[in-house]
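One letter stands for each residue in the lines below.
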Amino acid sequence: MTHTTCSHSAADIAVSVRDLRVTLGGQQVLRGVNIHLHRGQLVALIGPNGSGKTTLLRAMVGLQKPDSGDVRLFGESNLKKALPRVGYVPQRLALDRSFILSVREFLALRLRETQHWFWHRHRDTDDRLRAAMAELGAESLLDRPIAALSGGQLQRVLIVFALLKQPDLQLLDEPTAGVDSPGEESFYDLIGEVHRRHKLTVVLVSHDLSMVYRHASWVYALNGVVCCEGTPEHVMSADSLKEAYGLNVTPYQHHGHSHGPGGGTVQ
Amino acid sequence: MNIFSDIEPFMLRAFAVAVVMGPLCALLGVFVTARRMAFFSDTIAHGALAGIALGFLLGFEDPTWPMVLFSLLVAAAILWLKEHTDLLTDTIMALLLSGSVAFGIIVLSMLKNKRGELHRYLFGDILSVGPDDVWLAVVLCAAIGAWLFTKLSPLALLTASEDLAHVCGVRTRWLNYAFVLVLTVVVSLSIRLLGIILVTSLVVIPPAAARNLARNLRQQIILSLVIGLFGGAAGTVASYHWDIPCGPAIVMACIAVFIGSLLVSKLWLNRPTTA
Ligand SMILES: Nc1ncnc2c1ncn2[C@@H]1O[C@H](COP(=O)(O)OP(=O)(O)OP(=O)(O)O)[C@@H](O)[C@H]1O
Ligand SMILES: [Mg+2]
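If you read the sequences in order, they're chains P and A.
Each step along the first sequence adds one to the number in the numbering used here, with nothing skipped, and position 219 is 225.
Each step along the second sequence adds one to the number in the numbering used here, with nothing skipped, and position 79 is 438.
There are no misleading hints in this set.
The list that follows gives simulated cross-link-like pairs (lysine-lysine, BS3-like), each with its CA atoms no further than 30 Å apart:
no., chain 1, residue 1, chain 2, residue 2
1, A, 510, P, 171
2, P, 205, P, 71
3, A, 510, A, 441
4, P, 71, A, 441
5, P, 205, P, 171
6, P, 86, P, 171
7, P, 86, P, 205
8, A, 510, P, 86
9, P, 171, P, 71
10, P, 86, P, 71
11, P, 171, P, 87
12, P, 205, P, 87
13, P, 87, A, 510
14, P, 86, A, 441
15, A, 510, P, 71
Looking from chain A toward chain P, a few residues come up when the C-beta cut is under 10 Å (computed):
no., residue
16, 393
17, 528
18, 576
19, 578
Computed far set for chain A versus chain P, every beta-carbon distance over 12 Å:
no., residue
20, 424
21, 448
22, 471
23, 481
24, 602
If you are wondering where the hints come from, they were derived from the structure by calculation, not from laboratory data.
Yeah, the Cβ is synthetic: ideal placement off N, Cα and C, and Gly gets one too.
Between the sequences and the hints, there should be enough to build the whole structure, so can you do that?
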């Protein structure tokens, strides 16, 4: 279960989680999780509802205080210092509908050079934001109030927000939940492209095993602990899935095209 | 300046305080309303009454500092109870609001020579704005206003989502407390002008009116500042002109703008509601 096959140096480690334990509402949600990611990996995190995927991601960015254990991003245990290199798409964003922040303003808040966005609207920033939104086919949303977007539209904006500063590590918690299939396609294309261009490390939480199968290079199956890790082929075998989900799931079939894996998708 | 020469000095002082407090409350109000803290602001305003009464009880001639301190105490109590009990925030605030008012009224009624003060603090009294108050207001407003402007981006992000703000490097806990601190100080200092009962309106009405007309946060902030300035100025002038109480005059000026903005947005801009 360790990366004995990989010969990376310590400087290449993007994420290292050691024996992470988290209790929420009296329930041990994470019971000693160990995860080590090298830079440039595109890793999927799967597991049934309530298995602690969101909690793990929140702990990685310091939103969830662990009972014990150690989280390091790029070798840095002071997570605050590593955060400028991290992009995060939360699973749920409850926006207050009375807040009138526009999509353009929201995205500009992400860019350091527009700290004074209140006074200026830089042409450069505008171009950059439009280009970023266009990659997900969402440039028409720029002047809409962010609280008035549909679920999938908001999700697209959140993805753009996370990618905007070209971070080295992307933590994506079901980023395409509620996004239509063309949107999902362009999201995976975009992630794939950024991933190749920069040495981007991606942690992707998803229930869509066909997408995981197609795009991830390594898969962690979580259920309070990491019950299984390995290549998609390995983890998505019947035994592994059964161990993670605790029920019989038809294993994902590799052959044929990847849509509609028939029972391979666990909701 | 001879147009000012025949205006009473107390009137000028009230005007000066109103035109700095108005925009400052309005700017704070943009975030107060978006973060649903209007009732919070009302609670700390009412908490001030207990502070005023305590101040008199302890022999202060001018209870400004006890008032500010007690409001801060109430704010801290709200935050503490919110974190350490399962009570709903509404419940906590209603409890502290009525508790402070009851305590304040009992103490004031025991202090025979201070009974008249109740009315003055409940409804505001421009006569009580002294030259020192003007300086205090101007210096504080300048400092707080400057701080707010440097924190507009983090505050906007915090209002949108605390989690995202954290990941973007905003020290969310610290900023939350700083915002409450600033709000408490500004609200309790505005009590002189508007009174405990009306002070929240200066925080709530200008951003609400601006919200009717704005398309984005930037516009809402600018409009809110302008409306706060107008409300403060028009209210004090009207109060002088028609010899009506100053606080209510400021509130009515803001309400007039609000009604105007509502009509414009419904009839003219035909803006679909998102709220
Ligand atoms: N704030 C909280 N208080 C109490 N319990 C919580 C809290 N947040 C999460 N939990 C519990 O922790 C467990 C793990 O939750 P988590 O959100 O990490 O699951 P998940 O794997 O992301 O699930 P999903 O697939 O539904 O998103 C769940 O049992 C949940 O009930
Ligand atoms: Mg989740």
